Structure formats: structure tokens, C-alpha cells
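Protein chains: 2
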Amino acid sequence: MKYKQSGVDLWGSSQVKKEIKKLARQSYSSQVIEGVGPFGSLYNLSPVLRDYQNPVLVQSTDGVGTKLILAKEYGDLFSIGIDLVNHCLNDILALGARPLFFQDYLAQDRLRKKEVLEIIEGIVAACQINKISLIGGELAQLPGIYQKGKFDLVGTITGLVEKEKIIDGKKIRPGNLLLGLQSFGLHTNGYSLVRKIIKEKKLKLDDYYPEIAGKLGLILMMGHKNYFPSVFPIVENFEILGICHVTGGGIPGNLVRILPNGCRAEVSLSSFPILPIFKFLKKIGQISNREMIEVFNLGIGMILVCSQKDVSKIKKALEGKREKVFVIGQIKKGKREVILKDSL
Amino acid sequence: MKYKQSGVDLWGSSQVKKEIKKLARQSYSSQVIEGVGPFGSLYNLSPVLRDYQNPVLVQSTDGVGTKLILAKEYGDLFSIGIDLVNHCLNDILALGARPLFFQDYLAQDRLRKKEVLEIIEGIVAACQINKISLIGGELAQLPGIYQKGKFDLVGTITGLVEKEKIIDGKKIRPGNLLLGLQSFGLHTNGYSLVRKIIKEKKLKLDDYYPEIAGKLGLILMMGHKNYFPSVFPIVENFEILGICHVTGGGIPGNLVRILPNGCRAEVSLSSFPILPIFKFLKKIGQISNREMIEVFNLGIGMILVCSQKDVSKIKKALEGKREKVFVIGQIKKGKREVILKDSL
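Listed in order, the protein sequences are those of chains A and B. Per the working numbering, residue 97 is the first one in the first sequence, and the count goes up by one each step. Per the working numbering, residue 97 is the first one in the second sequence, and the count goes up by one each step.
Bound conformation, chain A alone (with noise of 0.2 Å):
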């Protein structure tokens, strides 16, 4: 019995291998070790290790949760691979890293290859913006996991920050000030309540609702915001004490998490421009005010915590970046909590 090259390698699935593997060569770096062997991805740490005194890697592994869903329904996978990218890259951003490379494993209950490659050349796409090399992945087909035409997506990205450069919230004191960057919608969080709500009252994903001034399936699949293209730099030039991706668990759960003991946040509702999806959802669903609050970004992306003599500067270079930031609070002695002030 003779054998050549296999269905089997580093994707999974030989239909697609080729494909996959062109368009994955796109966002390569040089330092990305091409043709080595299959069972594993090899990056070149040497040439990216000159820039760093005392090098610390950071990871996320994160997924799309149930856009997914809505994504396929929509029928927009390309912009849920960016999404993913996104998404994880500013988990890494929040910790004042840079991106080396990334892997993807996507698996369904049977592969679709119209599918898989809109969705990896989303990936694909938002690693080449930010320089990203998507150096391997998984593919899976596993039928009495997923449901019928369902499938999951996840992403692993890792990157490099110099050690006393890490972003820790540790250095937040009383009197900071908190920069609120406004998001371009629900990024890739809120999805379950959205589709309770789009099923109970029997909305429709290609309607136009004014008041969100467009079709209901594209405000909701507006894309998870990139903020590494003006927030690193800013990272680089100011002194940033702590940075909140505001994703599941919205404002407050994500908030908290950097905050040292003995400081308390405060945010006001009212200080920055609540999104007209996000008063929409509210409305038509019904949903309180807490749970709107725990769900959802509610137009706000990312917090930076700054000092107070640095604030304006700082503003004024995230607005020169494209960037619509708020004083959304400050930072108070107390317990470490959010405090949520005003109404929605």
C-alpha cells in the first residue's frame, strides 16, 4: 500500500490545507520558521529579543462566544475571524504588550470549506494589520459535539512586553483618572441575552430600526474594535498605570479586576454617549438596568487609568489616533469596587 502526502497535518483537513496555508503565508513575519515539520508552529524569538532587557511573554486564549451564532446567521464569518484577533489582542494590549503570532483552532460538527476559509481569512486579515503572523492552527470535524451547522472558534495569541513595563494596576492611586475609548458596538459580548431577546420578540436580523439608523444584523455584528494601533503608541509615550478590556461582565466586571486595594472606581453613566444599540436592546427587551450593565460594554471598549497632570495630553493623542475618549470617573480611596453613578 503506497501513501503520499496525507489528509492529516498541522489544519487537519486536506481540502482546505493548501488554502489555508496560502493565506496564513500572508501574514507571516521573517521570523516565522517555515517547512519544518508539521507538528508544530517555530517563531524566531532572536531578532524580536534585541529590543528587550528582561523579555516576559503574555498570552490569551480567548474565543467569540455565541456571535457566532448571529455571525453565521448574518452570514458574516469573515468579520468574526476579526473579531477573535481583535478581541485577544487587546487582552494582551492591556497589559502593554506587542503581538508576535497567533493560532486558531476552529472546529464544527463537519467542515465547511466555504466556512473555514471566510472565517481564516478574517484571522488572516487582522493579523496582517497589526503584524501579526498566524503561525498554525486546528481544525476539527466533530460530529456529536456541535450542533447541527454550529462550530466554535478560538484564538491563542502571544506576545512580548519588556518586565518593568508590564501594565498592572498596581501603581493606580487615589485621584487617577479613567479614559473611556468608545466601542463600535457589542464587540463579542452580550450575544446569549441578544438572541433571547431577538427570538422572544421576534425581531428580524435584516429589519431597519431608526433608532439604531440601520439593519438590526449589522449594528449587531459591528466588528470588536482594534484599539493596538492608537493605544500602543500611547502606551510607549505616557505613563499608563492600568488598562480595562471591557468585554464579558461589561464595565464594572472588567474594572475591578485591575484595581489595588484601597482604591475604589467611580464611573459615571452620563459621562460618556450610551450607544443607540445598547438603549435599543434595553427597550425592546426590557431588560434592568443591572443586567445591562453586568452584559454589556454599553460603548465603551477600553478604560486607561491615568494621573490627573496627565490626563489632557493623553486624550488629546488617543483623539489624534482617531480615538472618541470620555473622563468616564476617577479613582477613590476605598474598597476595591466599582461604583456606578447616574442612570442609563
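Everything labelled a hint here was simulated from the structure, so no lab data went into it. A quick note: this is a predicted structure, and the numbers were derived from the prediction, not measured. Among the hints, a few may not be true.
For identical chains, the list gives no copy identity; a pair is met inside one copy or between any two copies.
[Said to hold, decoys possible] Below 25 Å or equal to it, Euclidean Cα-Cα: the simulated BS3-like pairs (lysine-lysine) are: (1) Lys246 - Lys209; (2) Lys246 - Lys295; (3) Lys117 - Lys266; (4) Lys431 - Lys117; (5) Lys246 - Lys168; (6) Lys292 - Lys244; (7) Lys295 - Lys244; (8) Lys261 - Lys412; (9) Lys114 - Lys266; (10) Lys431 - Lys113; (11) Lys259 - Lys117; (12) Lys431 - Lys114; (13) Lys266 - Lys118; (14) Lys292 - Lys246; (15) Lys267 - Lys431; (16) Lys227 - Lys259; (17) Lys266 - Lys113; (18) Lys244 - Lys168; (19) Lys437 - Lys420.
Given chain A, work out where chain B should sit, using these hints.
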């Protein structure tokens, strides 16, 4: 409204968070930087880099496939956690790498604390044995994507290899020999076929079969063997020209991946013992030779390629590490393919 530490964190779910962190902490090396912010995991590279001239990061993302379903049916989720780590570890070992750290992704239709903790305990146990730090992970609850009671489990391992010591198969030459290392059983491949056989032939996991000298479930759940403790010292002390981790695709599907152009591998199926479980599955499932060979490892979990002059000392050294080793074939001049001789 007041918010204390919320349910959202690196591990996704507050109920299990503390317990998972406590478990993971048992695996930490001193390189893991703790408590510095929840959006990513940090690993201090500097102390490790001292051993490398040209450090190359090696990474592999993988799952354990539909063995998950069997593991749950059989009630052995602890060992599926071990399987995940061992599978990933063998993958980067095949490139000559030493592991540093691991991240997991675990998603269910509805998170079940007991199941989650059992899996994580298995992951941590395997990490500890191999001095791998479980630096982070993600728990996701995805109703509407996973079938009732089902889940997926993904791991990403990151390791280091000296650039000049990457095992890439490029030095493989005609005349080299193939050393096959015995497997424990199916490892993590072939379970979709196994489940089909179980269903069609109405087999019971709890039934004892004399042909396999054990209960079917127990033999099918045999763990994915960890070759790191025995093979890594060999890699460091002998010239290993290629390493093949036998996973999905069986011996031919994986062995072909490390062959350079101009080299074909000839493997004799009578040179090593076909494990009883494979004979049993073939007979009871009436599976063709071809399918057997393309799906299962048949009893060989890893293949090392070495020169003829080194073979006896390498074999002896591996046997000294309690491996069962067989010379299963050799490299010949020819097209880049795998030829299987003798019958099953």
C-alpha cells in the same frame, strides 16, 4: 450600584474560578508572573533564555477530538485532561522542543463545575509531571452551539528549542532506520470510527472482552502516552534525524510529513506487535486494512529516525527509559511516500 470582584475573569466563571486557580498554581514555575492583571498570562523568559543561543518558540494548538464523548460516557474526565497535555507535548517534542507553559480552552453547552474541575485536575497533573506551567485558559458556556451535555477541550502548548537543534527531518537519508515506540492504545485518534462500531455492533463499555483482556471502556480510554520523559534525553544526547508523532492519519499519514524529497519510508507491519484492541476493533467492526492503517496508530505512538550506526545504542537507551522499541522499517531512495509491507 456597587460591584465587587465579578464573575468574569481569566477563567470565565466565578464559581469555579478560585478552585481552578488553586489547581493551576500547583503547576507554576517561578517564571510565571502572578497577579498582574487578568487579561493575559505572563511568563518571564529571561531566566529560561540563558540556556539558549538562538531561541525559537514552538507552539501547537490541538484538541482531543471525539474521545471527549467516550470519556464522558465512561466517566473519566480526569484522564482526558491528561490526554490533552500529552498530545500537545508530544507534538512539540517531535520538533525537539522543551515545553514551557500551557493554556486550555474548555467550552460546554452549560458549565458543570464538577466536570470542569475534573478535566482541569487532569491537565494540571500532566503539567506538573512535565514541569509545564498552566498559565491560563478560558471557560466558555455556549448554549446553542454544543449539543446537550457535550463539550470541547483545546490546548495550546508553548516551548523552546535551540535553532540549530530543531528536528526537522531534513537530514533524513536513505539507509536510516525507523524506531517505533509502543503506544498505550488509541491515544486520541480514531474515536469517531470507534463510536460507530460501538453503536452498530451494540457493544457495551462495561463489558469484559477476553481478546483485549479487559473492559472495553477501560482499554479504549487508555491515555495518550507522554513520550517526553523518555525521548527528550535521547534528543539531547543522540543524533535524532526525525520524529513523527503518530496521531490522526496513522503511521503513513504522519510519517510522510517528516520525509525530505527523495526519501521514501518502508514500514513492515509485522515488525511490531499490533495491540489487541486494534485487532479486536478490526474484527468486530469488519474494518478494511486501509481504514485501520489510516485511522489508528496500531501500537506505535512515536517514530524516531536515526542512522544505522546509532540505532542499537538509541534503542538501548530508550529501553533503559522503559520504552518498548521496535525497528519498524527504513528509509529508501525514492518518491516522498510511505510504503507499508506485510499485512495486518
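Notebook entry, point to check: Of the hints given before, which are not true for this structure?
Noted result: Those not satisfied: there are none.
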